[in-house]
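Each protein sequence line maps, in turn, to chains G, A and H.
Here the first sequence is numbered in the numbering used here, starting from 4 and rising by one per residue.
Here the second sequence is numbered in the numbering used here, starting from 19 and rising by one per residue.
Here the third sequence is numbered in the numbering used here, starting from 2 and rising by one per residue.
No lab work stands behind these hints, which were simulated from the structure alone.
Everything numeric in this text was worked out from a predicted model, so none of it was measured.
Warning: the hint list may mix true and false statements.
As the list claims (entries may be wrong) - Which residues of chain G face chain A? A few of them, derived with a C-beta cut under 8 angstroms, are:
1. K208
2. K234
3. G326
4. A327
5. G328
6. S331
7. E332
8. G337
9. A338
10. A349
11. L350
12. E415
13. Y416
14. S419
15. N420
16. K422
The beta-carbon is built from N, C-alpha and C at its ideal position, and this holds for glycine as well.
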Amino acid sequence: METATFRAEVHAQLEQIGQADIVVGIPSYNNAHTIGHVVRAVQGGLAKYFPGHKAVIVNSDGGSSDGTMEVVRSSAIADFSEILLHHRIEPVAKIALPYSGIPGKGSAFRTIFEIAGILQAKACAVVDSDLRSITPEWIELLIKPVLAGGYDYVAPLYHRHKFDGTITNSIVYPLTRALYGKRVRQPIGGDFGFSGAIARYYLTKDVWESDVARFGIDIWMTTTAIANGFKVTQSFLGAKIHDAKDPGTDLSNMLYQVVSATFELMENYADTWRPIRSSEPVPAFGFEYTVGLEPVNVNTARMLHTFREGIRNLGEIWRDILGAGDLSEVERVGAQADDEFHFPIALWTRIVYDYALAFHHQVMPVEHLIKSMTPLYVGKTASFILTAKDMGQQQAEAEIEKLCMEFENSKEYLISNWK
Amino acid sequence: MTDFYQTGVITTLHQLGKSSLERLESELHGFAKTRPIALVLPALYSEFEGPAMPGIIKELGKVNYLNEIVLALDSASESQFQRVRELMSPIPTEVKIIHNKGKRITEVYETLARNGIDVGVQGKGRSVWMMYGYVLARGRSDVIALHDCDIVTYNRELLARLCYPVANPNLDYVFCKGFYSRVSNKMNGRVTRLLVTPLVRSLQQLVGPHAFLAFLDSFRYALSGEFCMTTELARVNRIPWDWGLEVGSLAEVHRNYSPRRVCQVDIATTYEHKHQILSPDDASKGLMKMAVDICKSVFRTLASEGVVFSDGLFKSLLVTYLRHAEDTIMKYEADATINGLSFDRHEEAKAVETFTNAIAMAAQAFMESPMGTPLIPNWNRVVAAIPDILDMLKMAVEEDNK
Amino acid sequence: MDDFLNLIVEPINELFLRFKTFVPNFLAMLVILLLGILLAYIIKKFLVKFLSAIKFDNWSDRMGFTKLMRQGNLWGKPSQMVGALAFWLLLIVTLMSSLNALQIAVIDNLVNQFFGYIPRLFSSAIILVVGFVLTRFISRAVLITAANSGFHYAKLLADAISTLLLVLIVAMVMEQLQIAPGIVLAAFSIIFGGIVSALVIAFGVGGIPAARRIIEKDVLDKGKEEAKDEIEHI
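Kindly produce the complete structure, drawing on both the sequences and the hints.
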């Protein structure tokens with residue numbers, strides 16, 4: 004066990020604290036100008052909503068060079084126990100930044116789970132360190148269902164721009180929902196609440212050296228919670244606005260990390276998801292209110308260009324994955340004029356299932372496989388943007404609901420081909 | 019992209035523009051509620067090990083409008099039969115396999131033989147006939163579609179387009195034949211190009227206008243192995259068990275139905291399958307055997323419609339055919355040139371030579387025994403002879419597939 | 002008279018003596034041959050069993066060997082082809098060793114040369130296989146990356162890379178097999194150099210307008226793109 008990495012410096016601190024009711028983890032990496040706000044919000048939330056509970060804030064830093072940890076230290080309000088530590092980053096993680104921007108986020112989470120275990124915490128929460136829209140209420144919303152409601156896992160619900168979170172909306176949410184039968188709207192939200200019991204359960208899983216821990220910790224936590232029958236709920240947190248991402252983040256890398264983690268989990272939980280045929284809503288906490296959202300610019304022409312170039316160049320690879328029939332459907336979609344471009348949801352569903360099956364049957368190296376999906380995903384996203392252009396939030400959400408139903412209705416295809 | 023010209027007496031359905039498979043399939047899904055569709059597949063075990071069948075299975079896995087799939091398996095041992103069942107299992111449609119070599123089906127064949135019903139030897143014709151019988155026995159489908167299992171470029175759009183004209187209740191077709199161009203880097207489909215069309219046109223020249231010849235000439239690809247029909251048609255049709263299957267089936271359709279209820283549909287832009295060797299010296303295999311069987315089937319059909327074949331007619335036919343075929347070669351050479359396809363004139367000439375011999379042989383065989391062309395009786399007749407045969411077949415297949 | 006008889010008997014005697022020494026050798030050859038064939042057959046069976054147990058066929062489907070075989074109009078299973086290859090190789094080895102048993106100087110020489118050549122054959126086979134797998138991997142990675150960034154000539158680029166690498170590999174194999182090493186080196190230099198200079202000319206001279214277009218388009222696009230694509234995919 005890697006616990007030794009923090010024992011030397013932190014163990015004394017942990018012994019001194021002894022026991023805590025609540026542990027809030029903030030993994031960070033070069034977030035000096037946002038983390039102060041996050042820490043203050045967390046402290047405010049703990050003080051306001053859980054004054055009678057002993058709470059600890061853990062900042063697990065991935066080797067920031069911009070003084071993130073100093074900011075955390077200086078933002079501290081008195082009477083709080085905080086633990087600051089560096090989490091171990093594997094060399095690979097430094098090169099391949101995970102989509103959420105934090106190298107070794109998996110290791111950071113593991114450390115947080117371990118501290119929660121040692122302190123015998125009843126409830127924990129993790130929040131991203133680049134959040135601009137976090138308020139003290141978030142802490143209540145993430146912790147309360149665990150402490151008072153007996154839930155083991157609290158997934159976030161955000162108000163987001165209708166064009167945001169497209170990987171979630173067009174792949175991860177419909178797929179997890181169809182697979183495991185629980186409608187968790189933001190399975191890879193990044194901010195979660197969970198019980199001490201589930202933290203201990205996570206630690207028993209042997210995934211910490213794998214890609215899942217490196218890139219896909221969010222989907223892993225959610226899926227593990229659902230698939231192992233933990234009590235899952237959601238909390239409405241309001242808008243999610245965070246620091247602008249590095250524009251250099253490669254989309255296909257992002258897709259590779261998220262989708263490969265999701266597919267990998269399908270392998271492990273095949274026996275769990277196979278018998279499931281429908282989905283049920285997951286209870287939600289919090290008061291749902293509409294928030295103003297910044298407008299978003301998109302260049303669909305460029306996206307369509309990427310999609311069509313993909314058809315030209317990757318057709319042969321796609322044929323192996325999708326089969327001749329759906330490849331010609333994709334070609335047909337590509338031949339449409341820009342203004343009437345439409346990517347049918349049934350086709351998209353089959354594409355996602357075909358990729359899952361290709362992953363399962365190991366048709367080609369995983370990275371090649373999933374990265375070859377990028378132009379298809381871009382095409383689908385462009386189609387969604389064009390369709391939802393003039394739609395309100397609710398109508399756009401209804402479109403996503405349609406896609407989810409398509410995933411659920413076509414699941415038989417996935418099951419019968421999963422051999 | 020094809021033209022929109024209507025050929026001959028039957029309806030031609032072209033592929034115009036890029037129609038959506040999504041739409042076709044969702045409509046078929048609707049039609050299938052009132053007219054359930056069965057797909058019958060004549061297959062050899064070797065096709066499962068080759069490149070074609072895995073692709074076909076992958077595509078069929080996504081087809082959701084079919085009511086049942088019946089596959090007749092030839093040349094397979096018991097363990098291979100089990101393997102085929104496993105390979106077919108990803109397909110969501112119910113799949114039943116007729117294991118032609120299995121002991122139960124063998125028993126069915128023996129029962130037929132005992133009662134004087136000659137179903138011929140192992141081959142596509144016999145398998146197809148048996149599958150019709152099984153679909154009739156189950157009585158669950160109104161439409162039967164059939165395609166070969168050696169199509170390397172299989173795309174499920176092919177199936178959708180093939181089923182559509184018969185499945186759509188508003189169109190009122192009872193029989194639909196698939197057509198496509200057989201072009202890779204050269205022109206394939208020699209038998210159709212260089213034998214059937216010139217032969218039919220020569221016969222037209224010699225015997226004058228004839229309804230069946232006009233009917234046959236209307237088909238753009240008379241020998242394509244892909245067709246779709248109503249189960250009623252399958253019940254009354256007799257089919258030859260040899261290579262005359264395609265032409266013979268068309269003859270039966272012509273005999274029983276008006277050409278207005280027959281159509282052909284463009285099912286694929288590319289089509290590639292196993293090629294037959296030419297085998298010019300041996301009349302018992304390859305293209306030679308195929309050509310002889312086809313010619314016999316044509317002669318027999320015409321004779322049954324009152325055309326008188328004499329020695330002199332056959333002699334003239336050979337000469338007329340040769341001239342037509344040579345003209346055809348020139349046409350296709352030009353066609354290949356403008357499209358930048360390679361064209362081996364010598365190979366084509368050799369094929370024509372082979373086909374000329376085939377016509378002569380078929381003529382001789384016909385003169386010696388005009389009734390000799392094999393036709394399996396239709397199922398109505400078989401049921402009259404052995405009332406329980408369909409039940410027996412059904413039980414045999416259900417038992418085998420348990 | 003005796004002399005005459007001797008004249009006749011001696012060659013016969015000689016022949017008989019030679020025959021006497023030859024027969025055991027010949028028998029040994031037959032035995033080696035038979036045993037070798039048997040062994041080769043057993044090894045082939047075992048190899049095929051082993052390969053299908055480790056799912057070699059699936060691996061070969063993934064790595065593109067199967068496709069390569071199909072392109073060469075070989076429709077068997079890859080594992081069986083490897084088995085057949087091993088069988089024939091062993092058969093040749095058996096044949097060589099059995100010929101060796103005949104103890105004829107010329108054949109001996111030939112056999113020695115053959116066995117001296119085997120290691121090279123082996124290493125070149127390895128180069129070929131590894132090189133092929135690597136080439137495929139690299140060219141596919143290039144293809145996907147280029148296509149994902151919307152590059153119009155992604156496939157051309159990937160094909161060019163795989164051709165270059167294959168030329169390199171074939172040259173390495175030839176070099177390893179010592180097939181006219183001088184010529185191979187020269188031919189390789191000429192081909193490789195030729196390809197590179199062709200590319201230089203194509204992109205340098207022929208590509209000037211295209212390059213200008215790309216650059217202009219890029220510059221123009223840059224101007225427009227500042228405010229674009231703010232959606233978050235996660």
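Against the structure, the hints come out as follows:
Because the smallest distance between the Cβ of K208 (chain G) and any Cβ of chain A comes to about 31 angstroms, over 8 angstroms, the interface hint for this residue is violated. The criterion of a C-beta within 8 angstroms of any C-beta in chain A is not met by K234 (chain G), whose closest approach is roughly 34 angstroms, and the hint is violated. Given hint, G326 (chain G) at the interface with chain A, holds; its Cβ is 5 angstroms from that chain's nearest Cβ, closer than 8 angstroms. With a least beta-carbon distance of about 4 angstroms to chain A, the hint placing A327 (chain G) at the interface is held under the 8 angstroms criterion.
Restraint check, G328 (chain G) versus chain A: the minimum CB separation of about 4 angstroms is within 8 angstroms; hint holds. Taking 8 angstroms as the C-beta cut-off, the interface hint given for S331 (chain G) holds, the closest approach to chain A being about 6 angstroms. Restraint check, E332 (chain G) versus chain A: the minimum CB separation of about 5 angstroms is within 8 angstroms; hint holds. Interface hint status for G337 (chain G): violated, as the beta-carbon distance to the closest one in chain A is roughly 10 angstroms, over 8 angstroms.
The interface hint given for A338 (chain G) holds, since its Cβ lies 6 angstroms from the closest Cβ of chain A, which is under the 8 angstroms cut-off. Checking A349 (chain G) against chain A by beta carbon gives a least distance of about 6 angstroms; that is within 8 angstroms, so the hint holds. For L350 (chain G), the interface hint holds, the least distance from its beta-carbon to any beta-carbon of chain A being 7 angstroms, beneath 8 angstroms. With a least beta-carbon distance of about 6 angstroms to chain A, the hint placing E415 (chain G) at the interface is held under the 8 angstroms criterion.
Because the closest C-beta pair between Y416 (chain G) and chain A is about 7 angstroms apart, less than 8 angstroms, the hint holds. Given hint, S419 (chain G) at the interface with chain A, holds; its Cβ is 5 angstroms from that chain's nearest Cβ, closer than 8 angstroms. Checking N420 (chain G) against chain A: minimum C-beta separation of about 4 angstroms stays under 8 angstroms; hint holds. Proximity of K422 (chain G) to chain A holds as hinted, the smallest CB-CB distance being about 7 angstroms (cut-off 8 angstroms).
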